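Please put together the full structure from these sequences, using the hints given.
2 protein chains.
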Amino acid sequence: MKKLSDSEINEKLQDLEGWDYNNGAIETTFEFHNFKEAFSTMTRIAFECEAQNHHPDWQNVYNTLSIRLNTHDADGVTEKDFKLAKSIEEIIESE
Amino acid sequence: MKKLSDSEINEKLQDLEGWDYNNGAIETTFEFHNFKEAFSTMTRIAFECEAQNHHPDWQNVYNTLSIRLNTHDADGVTEKDFKLAKSIEEIIESE
Chain R
148 MKKLSDSEIN EKLQDLEGWD YNNGAIETTF EFHNFKEAFS TMTRIAFECE
198 AQNHHPDWQN VYNTLSIRLN THDADGVTEK DFKLAKSIEE IIESE
Chain P
148 MKKLSDSEIN EKLQDLEGWD YNNGAIETTF EFHNFKEAFS TMTRIAFECE
198 AQNHHPDWQN VYNTLSIRLN THDADGVTEK DFKLAKSIEE IIESE
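Line by line, the protein sequences give chains R and P.
Going by my numbering, the residue at position 17 of the first sequence is 164; the numbering climbs one at a time, nothing skipped.
Going by my numbering, the residue at position 26 of the second sequence is 173; the numbering climbs one at a time, nothing skipped.
Keep in mind that a hint or two might mislead.
For identical chains, the list gives no copy identity; a pair is met inside one copy or between any two copies.
[Stated by the list, open to error] Below 25 angstroms or equal to it, Euclidean Cα-Cα: the simulated DSS-like pairs (lysine-lysine) are: (1) K183 with K227; (2) K159 with K183; (3) K149 with K159; (4) K183 with K233.
Everything labelled a hint here was simulated from the structure, so no lab data went into it.
Bear in mind the structure is a predicted one, so any value in this text is a computation, not a measurement.
Quick look at the structure:
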């Protein structure tokens, strides 16, 4: 999986809502009503990660979920990250 | 819920395995075989958090889970954190 250039990443970010490129990863933060809603969404995302065999660096504090995606093997951001980001966006939007 | 003193915290940490007191919270890190095992354990812990109405600051990267516990309202570590830490330890040990 080929590492994307900064300009490729910035162009692809325009297809996503509210994601930024920062410190070698694409990242975003979501807010929910409470912990239960945040963790329920994490569970849906977790199944998608497992299906794509691609996993986030994510942090949850009560109703907040922060997600960072990059591809360790490529030492940067790849198409895999954008594919997973798009799936995460679809899960969030479906709720 | 009363904020515990540093010496109270350090004494209580002796009842736990592998937790440290750092930057106003008690914290630990667990490693699992893979993401699926890590997230399954997170799910068990999430139900316990909801039951205790006390929630962690936690971060997962593939097979690693880092947990920080403090009590926001008390601006420090309280009995609630040690109660949840003990429950987390029991969940981990039961696996």
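Here's how the hints hold up against the structure:
1. K183 with K227: Close across copies (19 angstroms), not inside one copy (28 angstroms); limit 25 angstroms.
2. K159 with K183: neither (31 angstroms within a copy, 29 angstroms between copies)
3. K149 with K159: For K149 and K159, the Cα distance is within 25 angstroms only inside one copy (15 angstroms; across copies 49 angstroms).
4. K183 with K233: both (23 angstroms within a copy, 21 angstroms between copies)
Checked against the numbered hints given earlier, this structure breaks only hint 2.
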